[in-house]
Structures are given as structure tokens and as C-alpha cells.
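**Student:** As you go down the protein sequences, you meet chains A and B in turn. Start counting the first sequence at 1; every next residue gets the next number (this note's numbering). Start counting the second sequence at 1001; every next residue gets the next number (this note's numbering).
These aren't lab readings, by the way, just hints derived from the structure by calculation. Among the hints, a few may not be true.
Unchecked claim - Short, incomplete list of chain B residues facing chain A, as computed with Cβ under 7 angstroms: (1) Val1034; (2) Val1042; (3) Thr1043; (4) Glu1044; (5) Ile1045.
Stated by the list, open to error - Derived pair list, reagent style BS3-like, types lysine-lysine, alpha-carbon separation capped at 30 angstroms: (6) Lys185/A with Lys1040/B; (7) Lys185/A with Lys377/A; (8) Lys1017/B with Lys390/A; (9) Lys124/A with Lys1050/B; (10) Lys185/A with Lys1090/B.
Note that CB positions come from ideal geometry on N, CA and C, so glycine has one too.
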Amino acid sequence: MNSGDTAWVLMSSALVLLMTMPGLAFFYGGLVRRKNVLSILMQCFIILCVISLQWMLFGYSLAFGPDFHGIIGNLSWAGLHGVGATPNTNYAATIPHTVFMVFQMMFAVITPALIIGSYAERVKFPAFLMFTFLWATFVYDPLAHWVWGTGGWLKSLGALDFAGGIVVHVSSGISALVLAVMLGKRIGYNHRPIRPHNLPFTVLGGALLWFGWFGFNAGSALAADGIAANAFMTTNTATAAAGLTWALIEWWHNGTPTILGTVTGAVAGLVAITPACGFVNPVNALFIGMAVAFVCYLAVAVIKSKVGYDDSLDAFGVHGVGGTFGTIATGLLAEKAVNAAGTDGLFFGNAHQFMVQGLMLLVTIVFAAVMTFIIFKIVDAVIGMRVEEKNEIVGLDLTQQSEAAYTVIE
Amino acid sequence: MKLITAIIQPHKLEAVKKELEAVDVNLMTVTNVVGQGRQKGVTEIYRGAKEAGGLLNKIRLDIAVNDEFMEPTLSAISKGAHTGSVGDGKIFVVDLLECVRISNGDRGGKAIG
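Construct all of the structure, not just a fragment, from the sequences and the given hints.
**Tutor:** This is the structure we're talking about:
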């Protein structure tokens, strides 16, 4: 056991919590209309409550517990039975098992919260709760087991996902797209973004995401070591490159760089570097950041408006597309010189790794899409996903929560 | 000259603006207001304390027009803001005594458009 490692992973867990609340909550909250800002904050906050409990009661055991045929963990760690101060050497030999579990808990929390961006401003609160609980249990937990759990079938094939590009970003991003299409557009959405009500909130949230992401990525080394330091540096480099590149694209394409564009670019950079951060060097991280800005700009500013689906806050355009790009980039640019525990990618002569990354990507996309479709149908039949038209018009804050964020008159 | 004041649903502002532009009425003042009409307000709850029938958010448009523009303006607003349910809003019209364009001192009808 190593007290330095333990301290760093505990700290990182708190940093990842910060990403959900207030980071993501304010990032998304600023982007919606003033009548819906509390609904976003509430959804993020309650996910933090619900998934924290789901995880300690049985979610952790499903995802990381003793393997059942490579598909799922069994329930022998339910209620954290047997998860204590003794390290689990399969996952992290130098920190208490509880610390590893807590770190993973924060990932389980933020993943369903990312999806909020696609259905913002138009779902019933009880339906959102039911969807989130089912999605966490039947999509996130199995997928985390396949990729990260001991005995998980994708892990056994050698798939690389350092900090959750696949498990967190592709899974939530694809589910976001499916939801956006199934729910339909918001009333009044006309192929153009609806104007954000508070961009300073969005910038604040985006900055907190960047800050918290050091815990997400460098913490995923599960040790305070050189791999963590490399992940920290590649994360910062890709993010800076993507933010700058997005601003330059806008400058060239629209005449002025915008703060919303710069922050969006930075988040796309964070997403793309997530699967790669522990396996690539900082110069290649720079290329990943620059390239993902182009790819996500295309998805968000060009393709979305042409196709016409209403991914309210671009959960798919940033997380789905950025995560997919990062996963492919990992298969290209990973090198053993950076991380001996990793492997070489295609550009370093290992075509096999590239194929494995592709397979993992394909499996995740199909699994997340099909399961989201099924869960949507169930929730829609039991509760009804979408709010009534008049409630959508008045806003979710007043109709789903009976409170308002701002007063017009005291 | 008439001063037209319309109270409409916030989400109908874009549609109303489009209808007004179609009849060549391009100048307007827009404000956020709250109010109550036949549409019941919503109940708000703060730490357990209920406040029934709170006021609802609306948009107020103030538009000054020459007489011949009154009817087209009224129908444009009605068309853009109509959903058929309670809460669509109201339009008020009053006679306008004078109008001054501050930049060049124009008065009356020619100062309006």
C-alpha cells in the first residue's frame, strides 16, 4: 500500500465529483433557456445522489465484481461486502479497494449525467429518473465490466480505454443521439441552436470540467507516478489545442472567435484525449486536440443542422463524436515507450491494436444504441418520456419542480 | 397614429416577428413581463412553503404605427401568436398623440416608420 497513491486517487475522486456538480451542471445549465436551468441542475444533482447509492448497493459489484462469463460481475460484492482497506491487486495494488471503488463511483455518476445534454428542456422528471437508473444498471455497469472488469471480454481481447473514452463518452454520446431522435425536437427548434441564457455559467462549468478532468484522466493511472504525470500533460495539451483550434475555425468560418466555441472545443479535446491520455506522448496529444476540434465542429455546426435532429446541448456531437475519434486515435498513436503496460498502435507497427479498438467501438455503439432504444420504450410506456406541450412551453423549472431560477419582479 | 401593445407567449416571439416583417412592420420594443389572465398560474414551492397561482412570464410588444398599418399589424400579431388555447395573450390599441424621432427631430407620421 502506498500513501502517496492513495492520497492522489482520493483527491482525484473528489475532482471527478466536481465535474458533475457543479462542472457539467453549469456547463449545460448556462446553455438552456432561463425557464429550464433548474431542471438541469436538479437532474445533475439527483444523479449524484441516486447513482452514488446504486453503486455502493450493487452497481460496483455488477461492474467490477467477480466475473460471470465475461459479461457481468456477480453480486457477491453487493453492499460493498468484502470491499475494504485491503487492496484488490487485479485493479490497483497500492491503494485500498474502497478507494478504487470510490474513484469508479464518480465515473458511474457522470456518465448518465452527460446524456442530459441531448434530452434537455423536454423530459418528465420521473421518466428521467427511471431512465437514468435503468441505463446505469443495464448499459453502464455491463460495459464497464466488459472493458475494465477483471475477466471482461473486451479487456481480455486487449482493448485500451485509459480513462473512459468508450465506457463514458461513446456510450453516453451514442445513447444521447438515440434519445434525441426518439424524443423529437423541442417546440420552436428550427435547425438553429436555441440561444443560451447564461454563457458565463457555461464558461464557468467548462473551466471546472477542465480542472476536474485532471482527476478523471491523471487519476486513472491509479497511482501518483509518471503515467499520471503524462496523462496530466497530454490532457492539458489536447484541451488547449482543441480550444484554440475551434476558435481559429470559427474565426475563419464566421469572422469572429466565440467564447462558447472555445469552451466547446476544449471539452471536445478533453473527451478525445480521455481514452488516449495514458498511452500517447504530448506531441501526439497536440495533434489529437487539433483534429478533434475539426471533427466535432463539423458534427455540431454543419451535420446536425443538415440532418435536423435536436441534440439540445450537443451531447452526441461532442461526447459521442469526440469519444469515437479519441478511441480510434488511441489505436493509431498508442506507444509502449509512453506506457509499458499499454501497447503500440497502428502508427507504431501494431495493426492488431487498431482492429481491437475498432471492434470495441462497434460493440459499444450497437450495445448502447439498442439498450437505449429498449429502455426508452419501457419508460415511455410506463411513465411517458416527454412533458406535455403546455408544460414544455411554461418550462420544466415551474412544471416539474415548482420553482423558478430568476424572478422578474421581487 | 396608433400605439399597439401586445402581450404574447414568450415562445411565440419569433413567429410574431416573422409575421410583422411580412407586413413591413419592422420597428418594435420588446420587454419581459409577468402577468395573469384567464390562464391559471403555476404553484411554486420553496422549502415546503407553497405559493399558489404565481404570475406567468409573458412578452410585451409595443409598436407605434400609422393608421393604415393598424389592421395588418393586428392580424400579423394574431396570426403569429395564435395557438387557440387560453394564455395566447391580448392586444390593446390606443390613439397616439405625437411621435418624435430623436436623431433628426422628425415629428408625427413620418417619424414612425
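**Student:** What are the numbers of the hints the structure violates, in ascending order?
**Tutor:** Violated: none.
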